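Protein chains: 2
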Amino acid sequence: MSEEKATPRTAVRRLPERQVDDPATLHAILDAAHHAAVGIQVDGQPFVLPMACARDGDHLLLHGSTGSRLMRALAGGTTACVSVTHLDGLVYARSAFESSMNYRSATVLGVAEEVPRPDKLRALEVLTEHLLPGRWAELRAPHAKELAATLILRMPLTEWSVKVRTGFPEDPPEDLAQPVWAGVVPLRMVADAPVAAPDLLPGRPAGPPGSCA
Amino acid sequence: MSEEKATPRTAVRRLPERQVDDPATLHAILDAAHHAAVGIQVDGQPFVLPMACARDGDHLLLHGSTGSRLMRALAGGTTACVSVTHLDGLVYARSAFESSMNYRSATVLGVAEEVPRPDKLRALEVLTEHLLPGRWAELRAPHAKELAATLILRMPLTEWSVKVRTGFPEDPPEDLAQPVWAGVVPLRMVADAPVAAPDLLPGRPAGPPGSCA
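Heads up: the sequence lines are chains A and B, in that order. Residue numbers for the first sequence follow my numbering, beginning at 1 and rising by one. Residue numbers for the second sequence follow my numbering, beginning at 214 and rising by one.
None of the hints are false.
Keeping only pairs whose Cα atoms sit at most 25 Å apart, straight-line, the calculated SDA-like set for lysine to any residue is:
id, chain 1, residue 1, chain 2, residue 2
1, A, K120, B, Q391
2, A, K120, B, P385
3, B, K333, A, Q178
4, B, K333, A, V180
5, A, K145, B, D388
6, A, K145, B, P385
7, B, K358, A, S100
8, B, K358, A, Q178
9, A, K120, B, D384
10, B, K333, A, S95
11, B, K333, A, P169
12, B, K333, A, P172
Output of the computed footprint for chain A on chain B, the stretches with three or more beta carbons under 8 Å from beta carbons of chain A:
id, region
13, 252–262
14, 288–294
15, 317–325
It is worth saying that the hints were derived from the structure and are not from the lab. This structure is a prediction, so every number in the text was calculated from the model and none was measured. Ideal placement from N, C-alpha and C gives every residue a C-beta, glycine not left out.
Taking the hints into account, I'd like the entire structure generated from these sequences.
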């Protein structure tokens, strides 16, 4: 939590030893995310939609289009939940019951608000730089009509919880003799070599900012 | 959709050309997922929680603990939304506005139900084999008390939508002369070499099923 402890709504009741209260861990999880799962309720039906995200200090920026009805509901001040999960590994225990996954997961509760017009350009820069590092400086400035068609929301990082599982399986002693391998298969996201657009004109850089291409 | 067309609740209103109606695509997206973001509303607050998942025919199995209050709410028949997103690439367009991400995303609406006792062992097998392929056959059978402490839900794949973005940036002609690289940086999840548990006894296999270790 950004304060000393979880609220009743964000306290982790299942495996509370996996809950982490350090804001630096929250920030690291959000900073490693390209997208978040955003949940709202509309007409009695929960919806979860993936949105591009970037942390901006003590807010999480969320990016979508003005044409989306869920984005409009979000911007309209409905209560939301934002969830980010990174899967870090498959945990092979000696039983199905103890088998698990390593992960880092953050949940933020609250109400998002639309980034107001004077802050929008900077918010777009933060989002762009987070998702495409180094790109903002080389792109042309957004046109006024592009900015008008862009909806950026920000969610305060005030009520949140973080849950992390790391390490090896935790089998009970009586299972250690099982004749199977036990351990972790680490998982991670990697970037492959950049693929140029077919309509890339001659004389342009050979890759994105910072690439070796 | 599993039928010919989307319902009003699942019709994609923003960029509808990205909507895919083929159940095979839905199945492929779910089959590539280790976890799903499950959204429900409790006491006026939406919650989104990550859960292990595996498709079982025309249902999606969801796995959690009987100790979780959100799992209990889910099992109690509250309306839910399950979202799976795979991030496939970063799309570098010639403007921030056209910059995007390639992804495959599935959304399922409906009500989950608890897998009844007679079907639970098989559901646990489907989940285990999906997350840890080849593992079920080498693990001991679950104890009765383990099965009793395991809650598996299933969500019918009846009302759903799929949205996919692939390929290159779609810049307007007037931006093609911009002096920047344009293209896609593909992203994918990889598994690193298995790491054995420190308490792995001698004489055990050197890696998980199917590994080269």
